[in-house]
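J.: As given, the protein sequences belong to chains X and S, one line each in that order. The numbering of the first sequence is my numbering, which starts it at 328 and goes up by one. The numbering of the second sequence is my numbering, which starts it at 54 and goes up by one.
Check before you lean on any hint, since a few could be wrong.
SDA-like, lysine to any residue: derived pairs with alpha carbons at most 25 Å apart [said to hold, decoys possible]:
| no. | chain 1 | residue 1 | chain 2 | residue 2 |
| --- | --- | --- | --- | --- |
| 1 | X | K329 | S | G93 |
| 2 | X | K383 | S | L148 |
| 3 | X | K369 | S | D138 |
| 4 | S | K66 | X | S347 |
| 5 | X | K369 | S | S80 |
| 6 | X | K433 | S | H120 |
| 7 | X | K329 | S | H120 |
| 8 | X | K433 | S | L92 |
| 9 | X | K397 | X | S353 |
| 10 | X | K394 | X | S353 |
| 11 | X | K329 | X | K397 |
| 12 | S | K66 | S | R149 |
| 13 | X | K433 | S | T165 |
| 14 | X | K329 | S | A140 |
| 15 | X | K433 | S | A91 |
| 16 | S | K79 | X | T377 |
| 17 | X | K383 | X | S347 |
Since the hints were made in silico from the structure, they are not lab data.
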Amino acid sequence: QKEVEQDPGPLSVPEGAIVSLNCTYSNSAFQYFMWYRQYSRKGPELLMYTYSSGNKEDGRFTAQVDKSSKYISLFIRDSQPSDSATYLCATYSGGYQKVTFGTGTKLQVIP
Amino acid sequence: DAGVTQSPTHLIKTRGQQVTLRCSPKSGHDTVSWYQQALGQGPQFIFQYYEEEERQRGNFPDRFSGHQFPNYSSELNVNALLLGDSALYLCASSLRDSGLWEQYFGPGTRLTVT
Numbered sequence: 328q329k330e331v332e333q334d335p336g337p338l339s340v341p342e343g344a345i346v347s348l349n350c351t352y353s354n355s356a357f358q359y360f361m362w363y364r365q366y367s368r369k370g371p372e373l374l375m376y377t378y379s380s381g382n383k384e385d386g387r388f389t390a391q392v393d394k395s396s397k398y399i400s401l402f403i404r405d406s407q408p409s410d411s412a413t414y415l416c417a418t419y420s421g422g423y424q425k426v427t428f429g430t431g432t433k434l435q436v437i438p
Numbered sequence: 054d055a056g057v058t059q060s061p062t063h064l065i066k067t068r069g070q071q072v073t074l075r076c077s078p079k080s081g082h083d084t085v086s087w088y089q090q091a092l093g094q095g096p097q098f099i100f101q102y103y104e105e106e107e108r109q110r111g112n113f114p115d116r117f118s119g120h121q122f123p124n125y126s127s128e129l130n131v132n133a134l135l136l137g138d139s140a141l142y143l144c145a146s147s148l149r150d151s152g153l154w155e156q157y158f159g160p161g162t163r164l165t166v167t
């Protein structure tokens, strides 16, 4: 079983839709939860990170972490064609430990 | 403010050869991590360097080695290349005191092994 599971998609939505991207993880030691956006043939770009459980909002993006169910979500409101990319969730327990990524979900927002 | 830079952009090597990839971290950052990203997969952690020492290593064979220089730049070396080493190699930098939750990636080096 992978430490972080993510549906690879692809996910196709119309412009303006609310997008929900999700991951599950197995290691209860993970404390930090990150979302990255990766455009084709580019390096991942950090969108936001959350410590422990709870919500965090940044513009059209909202990250949610439920540690009791080991579930991570990213919501994108009013999705735009420029949001079309692969979204990677990642987890980290702190210190010198490694960051573990999901496989990424490919999102396409259709004008 | 320059972000993370990597060189070269693309590389084609033959099985059995050796390759060296280079990374310059974001200004002010002191920690460098290397990742391998196969097509359609998420980045897989190779190793992390801080204060010129390897601090953490992922599940990669000893053919993968690295180095960090006093100016915090880093190299990734891969010996005896296999076809399965073909991937995008990503370098990420961070500030040790801030933690790895806030790391910034370079554009990557795309390695093709034939």
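J.: Indicate, hint by hint, whether the structure satisfies it.
T.: Checked hints:
1. Straight-line distance between C-alpha atoms of X/K329 and S/G93 comes to about 15 Å, which keeps the hinted pair within the 25 Å bound.
2. For the given pair, X/K383 sits about 22 Å from S/L148 by alpha-carbon distance, which is consistent with the 25 Å threshold.
3. Of the pairs offered as hints, the one joining X/K369 and S/D138 holds, with about 19 Å between alpha carbons and a cut-off of 25 Å not exceeded.
4. Distance hint between S/K66 and X/S347 is unfulfilled; the C-alpha atoms sit about 40 Å from each other, more than 25 Å.
5. About 20 Å separates the Cα atoms of X/K369 and S/S80, which keeps this hinted pair within 25 Å; it holds.
6. The hinted pair formed by X/K433 and S/H120 fails the criterion: a straight-line CA distance of about 34 Å is larger than 25 Å.
7. In summary, the hint linking X/K329 to S/H120 is not supported, as the alpha carbons are separated by about 29 Å, beyond the 25 Å threshold.
8. Proposed proximity of X/K433 and S/L92 is supported: the alpha carbons are some 12 Å apart, at most 25 Å.
9. Restraint check for X/K397 and X/S353: satisfied, since their Cα atoms lie roughly 7 Å apart, inside the 25 Å limit.
10. With a CA separation close to 10 Å, the supplied pair X/K394 and X/S353 stays within the 25 Å bound.
11. The hinted pair formed by X/K329 and X/K397 meets the criterion: a straight-line CA distance of about 13 Å does not exceed 25 Å.
12. About 34 Å separates the Cα atoms of S/K66 and S/R149, which puts this hinted pair outside 25 Å; it is violated.
13. A threshold of 25 Å between alpha carbons decides the hint, and for X/K433 with S/T165 the separation of about 23 Å falls inside it, so the pair holds.
14. Restraint check for X/K329 and S/A140: the C-alpha separation of about 20 Å stays at or below 25 Å, so the hint holds.
15. Of the pairs offered as hints, the one joining X/K433 and S/A91 holds, with about 15 Å between alpha carbons and a cut-off of 25 Å not exceeded.
16. This hinted pair checks out: S/K79 and X/T377 have alpha carbons roughly 22 Å apart, not beyond 25 Å.
17. Among the hinted pairs, X/K383 with X/S347 is consistent with the structure: their alpha-carbon atoms are about 14 Å apart, no more than 25 Å.
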